[in-house]
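There are 2 protein chains.
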Amino acid sequence: MRLSRYFLPVLKETPSEAQIVSHRYMLRAGMIKQQSAGIYSWLPLGFKVLRKIENIVHEEQIRAGHIPMLMPTIQSADLWRESGRYDGYGEEMLRMQDRHGRDMLFSPTAEEMITDIFRAHVNSYKDLPLTMYQIQWKFRDEIRPRFGVMRGREFYMKDGYNFDLTKEDALHAYNRHLVSYLRTYERMGLQAIPMRADSGPIGGDYTHEFLVLADTGESEVFYDSEVTDLTFGDRDIDYDNVAQCQGVMDEFTSRYARTDETHDAAEFDKVPEDRRRVARGIEVGQIFYFGTTYSDKLGATVVDKDQNQVPVHMGSHGIGVSRLLGAIIEASHDDKGIIWPEGVTPFHCGIVNLKQGDDEADAACEALYKQLSNAGLEPLYDDRNERAGGKFATMDLIGLPWRITVGPRGLKNGVVELTCRRTGASEDLTPDAAVAKVIKIFEPHHVRGL
Amino acid sequence: MRLSRYFLPVLKETPSEAQIVSHRYMLRAGMIKQQSAGIYSWLPLGFKVLRKIENIVHEEQIRAGHIPMLMPTIQSADLWRESGRYDGYGEEMLRMQDRHGRDMLFSPTAEEMITDIFRAHVNSYKDLPLTMYQIQWKFRDEIRPRFGVMRGREFYMKDGYNFDLTKEDALHAYNRHLVSYLRTYERMGLQAIPMRADSGPIGGDYTHEFLVLADTGESEVFYDSEVTDLTFGDRDIDYDNVAQCQGVMDEFTSRYARTDETHDAAEFDKVPEDRRRVARGIEVGQIFYFGTTYSDKLGATVVDKDQNQVPVHMGSHGIGVSRLLGAIIEASHDDKGIIWPEGVTPFHCGIVNLKQGDDEADAACEALYKQLSNAGLEPLYDDRNERAGGKFATMDLIGLPWRITVGPRGLKNGVVELTCRRTGASEDLTPDAAVAKVIKIFEPHHVRGL
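Read top to bottom, the protein sequences are chains Z and P.
Counting in this note's numbering, the first sequence runs from 1 upward without gaps.
Counting in this note's numbering, the second sequence runs from 451 upward without gaps.
Since the hints were made in silico from the structure, they are not lab data.
Among the clues, some could well be false.
Counterexamples of contact, computed for chain Z against chain P with all Cβ distances above 12 Å [to be verified]: (1) 73; (2) 261; (3) 307; (4) 424.
With a cut-off of at most 30 Å between alpha-carbon atoms, the simulated DSBU-like pairs for lysine-lysine come out as follows [claimed, not checked]: (5) P:805 with Z:126; (6) Z:297 with P:576; (7) Z:297 with P:805; (8) Z:33 with P:576; (9) Z:355 with P:576.
Here are some, though not all, of the chain Z residues that point toward chain P, as calculated from beta-carbon distances under 7 Å [claimed, not checked]: (10) 39; (11) 44; (12) 67; (13) 72; (14) 121.
A virtual CB, placed ideally from N, CA and C, is assigned to each residue, including glycine.
Kindly generate the complete structure, drawing on both the sequences and the hints.
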């Protein structure tokens, strides 16, 4: 993309309404625009990152054998009356009537509807196991929306639902989700720690939240420092292998790691003192096995081998897709702006032309642009007639992890400058060597853009 | 995908509520499930096609230089009061109040909001031309939703908006949209004819609808048969080239082609009698130049070269993304089911194992499955223990354009059977030759799946 043809309305001033750094930078980098309290437009740069994150979530869910589908945002109140949640949900639910006076609502989650789809079409244990998911807009009418996309009212969420014949099978689905979530977050450059969560009114022992450590996190967290040494890496996982998935679950959840909601001081004290950590975290996902709660209420049963009608065991598993942009920025920025991890950066590499209009500099930039594009990467070429300082400030603010700077002086020596946004380190390279290096950097991060 | 692990709830009976063939087949093929009147869940097979269509639209819009972004579904009534459309829109607008009693609505279109974004961020003619678009869920509370996804209440739509300094520039944007739409529809295997449309209360001469000919179309159309001889093909278009885009516009719109809304019998009579056609059509898109209507109302101006504040010239351009599934099926089916064009088929090739459990047949199917997958294609392998007749019926119903049939008898002679869904023609080929042929067929149809 050539910046002269893009829509990137960066702001010089820090918007006063933004209290946390991710909100400030998303506004300043022209990624979002608030349209109402907690409701945002996703401007081109923001949408580009949102879509990359969405694609990673899809890829990892499909890899785990989960099946994508989509449910509508506007749902009839009837299903929610059947489950008993229509009255229980309170003011967070956005309610309306259609032109015929029927009660409708904007879906805040979809346990009811997926169970309705299941009961309409599945009758036999032979069709199990089954896990379906969607990535869809949700609405929760928060009383005090804040922190930008971190606690918005309209938000983009992956919600997946497993249907299994037995508790044992459902716990394998639970583990499968844990594994796929670990992979998902790591591809985004995030360390998200599974912590034992509170199962709320539904109850049950099986729920974990995934938290990203950040000073601005809404939750206080308590953990054994050994959990932050764990990485998933690129191990080869067979998602059908029950023992293998259980092994990952055990490895990542056996050490103490809890939020303030489930914190147990006595248990925490058993962690060696030098490994006890208290910090803050941002919740970016949750997995939850809740057994037959919804299948009982909505009559989602199958016939088992012995011809008995039995309710299916279910769980639901969410990733806050739009919220992840905020979490990534909270975890990865400096005082100049965002620092995108390679896996989610909107553009792979910036190209800064120090002397727009200089024939040689222009030609060199064009050549770099073409070479990177032909390699399947998306460069952002700042081809505007601006001072170098302004161009650097924009690149730093929007956080592209790599930048190639092109100027007449370097070209005389046959070199351009390749700069790493995270470390600030620069090196002079021939244009071909710079391109080759950038291509190599992104090889492990093949994520489809739009 | 192995069918035994997929969620494909095909129905044997024809659902009584479905009046037209696309609605019937989408229900029978397990693509959608109605959740309320005119509101559908997209089951896995339906969602897969929806996403392919969405990706084609994105690819062609980006190729034309248009910039993707996203606006929220829930919008404040205030903006719509400013444009005067809040009261004017009537009962088709789904309205609600949030918990603080503020009037909100589910966006049926987004001229107001995109203009609001523009006026907040763009001040100078130097930032023009600019075209942004989104693909987002919309809601129109139709009094009588019907025909499945063809006239639903919640629907997926691409809506794009151009901002230009002059009428002349805006008409180039109009032409650019026409060209990109022609490419888009052809990639989906559709012939969509641009027809002069009615500009309604806003007025103006510049609006075309794109219609797909189908007996079940909601509009009566009148055209010179020469328009159906035109194809866009794979011509190389420079979207910045004003004359080239105008040339395509002239070529595709100079012959008589109108809907009943703009039909002019006297003009039609000038078409040679043997070329006059009266038929029915399904609207799948519309382009519209409306000048400064919204920029005047909402104060979207820029400073021009002479330092004057001038309102920008705008147009809006839509493609009915979810509706396209219905239109494609209406245009491409037979009495056995859907026939997907190669560009949008959910799976590229079916694999039918005639004798599941036979070692040799199973191994041959697995090998085909792996070879096709490794080539970047998505096969659907019917690995269930079902009769051959049932497997064929399912493949025919869901409409995969190519099928490879594997059975012990053929394997003894070293062959499998490759069948074309559209023609019914079959040929015996070695497994390698069958794979090579399928790969070759899909070479020009590289569309990213999920």
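Can you list which hints this structure breaks, lowest number first? Hint check: 1, 6, 7 fail, others pass.
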